[in-house]
Amino acid sequence: MHLFVIYTVTGITNGMVYAAVALALVMIWRATRIINYAQGAMAMFTTYIALVVIRHGAPYWLGFVVALATGMVLGAVVERVLVRPVESRPPLNAVILSLGVLILLEAVAPMLFGGQTQSFPVPVSNIDLVAGTTQLDISPFDLFTIGAVLIAMLLLFLIFQRTTLGLRMRAAAFNPEISRILGIRVGRMLTLGWGLAALLGALAGMLAAPAVYVYPSNMDEVLVFGFTGAIIGGLESPVGAVIGAVGVGLALSYVSGYVGADLAPLGGFAILIVVLMLRPQGLFSFGRQRQV
Amino acid sequence: MSTVLRRSTLARHGLVFLGLAIVLLLLTSFVFDSYTNYNVTEVAIYAIAAAGLTVLTGINGQVSLGHGALMMIGAYTTSVLLTRYPDLPLILMLVASIATTGIAGAIVGLAGARLRGPYLAGATLALAVALPQVPSHFASVFGGNQGLTIVAPAPPAFLSNFSPEQWLAWITLLAALITFFVLANLVRSATGQRFRMVRDNEVAARLSGVDVARTQVLAFVVSAACAGLAGSLFAYWVTLTSPSGFTLNLSLSLLTAIVIGGLGSLSGAVLGSFILVYLPVWTGGFASSLNLSSNVANNVPLAIYGIVLIVAILVFPRGVAGGVASIARGVTRALRASRGTGPLPAAPEAPSQ
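Read top to bottom, the protein sequences are chains A and B. Under this note's numbering, think of the first position of the first sequence as 131, with each following residue one higher. Under this note's numbering, think of the first position of the second sequence as 6, with each following residue one higher.
Do not rely on the hints blindly, as some may be mistaken.
Here chain A is said to cover these stretches of chain B; the calculated rule only asks that three of the stretch's residues, wherever they fall, bring their Cβ under 8 Å from a Cβ of chain A [what the hints assert, rightly or not]:
1. 109-120
2. 135-142
3. 145-152
4. 256-269
Short, incomplete list of chain A residues facing chain B, as computed with Cβ under 7 Å [as the list claims (entries may be wrong)]:
5. I226
6. I233
7. Y388
8. D392
9. F399
10. I401
11. I403
12. V404
13. V405
14. L408
Cβ-Cβ distance ranges computed for the label pairs, FRET-style [to be verified]:
15. A/D258 / B/L284: 45 to 51 Å
16. A/P221 / B/V100: 35 to 41 Å
17. B/T154 / A/S249: 32 to 38 Å
18. B/A104 / A/V195: 37 to 43 Å
In short, the hints are calculated from the structure, not lab data. Ideal placement from N, C-alpha and C gives every residue a C-beta, glycine not left out.
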């Protein structure tokens, strides 16, 4: 039973990191119908930048802010310069383009920051808390991870649902043509959407780094598990993506705890297949399909 | 004779591939050095897998980001069998690898037939990440992270002056030619037609009586069988089959190769595989001549590959082959315009005998 609690806490904590990635993917998917396979690599890159800032003696929080800010700029630049020209082309072009960005970033990172695996600091202790004499199975850093992702999600929700800017962004994603007629700068909204998504990705990179360390492909698995969660939830639904990603986090944690760490990704794959067999559009997508 | 050739795709392809076989075998035997043969073998291996992926993604419209995992199944089939029964002949290994990977492809295809676009991409991507972890869990069968070592096939006694590189290049090129011959005919056949119908308009295909799901599973099986053959030859080529040989990068490289070469054409698969192998070879030489630090020099080929991908997609949306073709068309048009002649008349019918 105690083990179960440990695995559950680990699963939820990791799941929240996957959820940040999943939400970033869903935001971009809903706005531009593109899966950004470079999301993980972009997060890796901004985490390296944070590491450089911290290594030069700056406090963790400055590195944190720098990572999120550069993430947002990187996302906006990638959308404006690279993605915009392929938005109206066949979907596979955007796939290959984002794979190109992924490969380029994973090649440039070791050139700039060195190829060896580096450790990453935590802002608060990652040793489990103790209340009186009982050992709690959650560390301050776990709480920080869960809290940071929850706050980021809440802020995004408020931006999208309660501000005019958010309304414009939703309109631009929902119907670019009409939005343009109504005077919305659709292009700018898409750039901003990519920026916000990349910011969320950068947050995931910062939160994952102490556990997965920092090296050029450190976010590959995080991206795949986030993507798996987003697909299980259904790419149309932000709430579904978060639930799916936390579910993936839990499933991976249980499989690696009870069966073996090597088989965790296979467990994730199995769950993905089972869910998609039952609901090919994911759990929370309710789009109508054209059938004959 | 020419009537037969014009009417029968099979005969025409047969003749072309026979010619290619003779040229390639002569080149590997008498012209190429060991290093070239080694690289040419790699190109042929990737070309086999990429051709299979072309059928699946380019012709049938199903995106797979997990073909590296299918190659891995082929490679492990060969390596596990060879470690147990070292005396089995090579052809049996190839057939066994094609069979196991084909079965795996049928399973993935059955699951994938209900999935579209990013859902299929995500499922295959999850497979590409999950499968390489399996050998370390079942270390007694698969040799764990160290992998399994096998011996490269030795040339038969009557070819004793052949080096192992030459012999493997022969085998691989022959396997590639047979694969391309089969696929070229398949693509032109009624089955190939159905593949394309499903890609272009699923609803219309269904209305014309095409069993969409069955067609998609068949495309997956064909594609996986190619990946299995490529994986088996890959095992012989590196002689070490370990999980680190089948990273996510391999899967992504195969997909990028077929797009960069020109999606949907088998010759594009060859061109893409050539770029995949030779871009690092050439740029690596260039980078080491610049006296850069090892961190930079080691990653120059990868960075250039990334840039090539991005530029190719932005500049040549139909792949390098399509880009070259459209440039060529532009040049002929310009030439024609400068000469003031109209479009060329259609070539007259060749007289039949």
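So, going through the hints one by one against the coordinates:
1. 109-120: holds (count 3)
2. 135-142: It holds, with 6 qualifying residues against the three required.
3. 145-152: It is violated: at least three residues are needed, and the segment 145-152 of chain B offers just 0 whose Cβ sits closer than 8 Å to chain A.
4. 256-269: Per the Cβ count (6), the hint holds.
5. I226: With Cβ-Cβ at 5 Å, under 7 Å, it holds.
6. I233: 4 Å, holds
7. Y388: Interface hint status for A/Y388: violated (13 Å vs cutoff 7 Å).
8. D392: 4 Å, holds
9. F399: 4 Å, holds
10. I401: The hint is violated - A/I401 has no Cβ within 7 Å of chain B, the shortest such distance being about 9 Å.
11. I403: 5 Å, holds
12. V404: 9 Å, violated
13. V405: Cβ of A/V405 sits 10 Å from chain B, so the hint is violated.
14. L408: 10 Å, violated
15. A/D258 / B/L284: 45 to 51 Å: Hint holds: Cβ distance 49 Å, inside 45 to 51 Å.
16. A/P221 / B/V100: 35 to 41 Å: This hint holds: roughly 36 Å between Cβ atoms.
17. B/T154 / A/S249: 32 to 38 Å: 34 Å, holds
18. B/A104 / A/V195: 37 to 43 Å: 56 Å, violated
In this structure, the hints that do not hold are numbers 3, 7, 10, 12, 13, 14, 18, in rising order.
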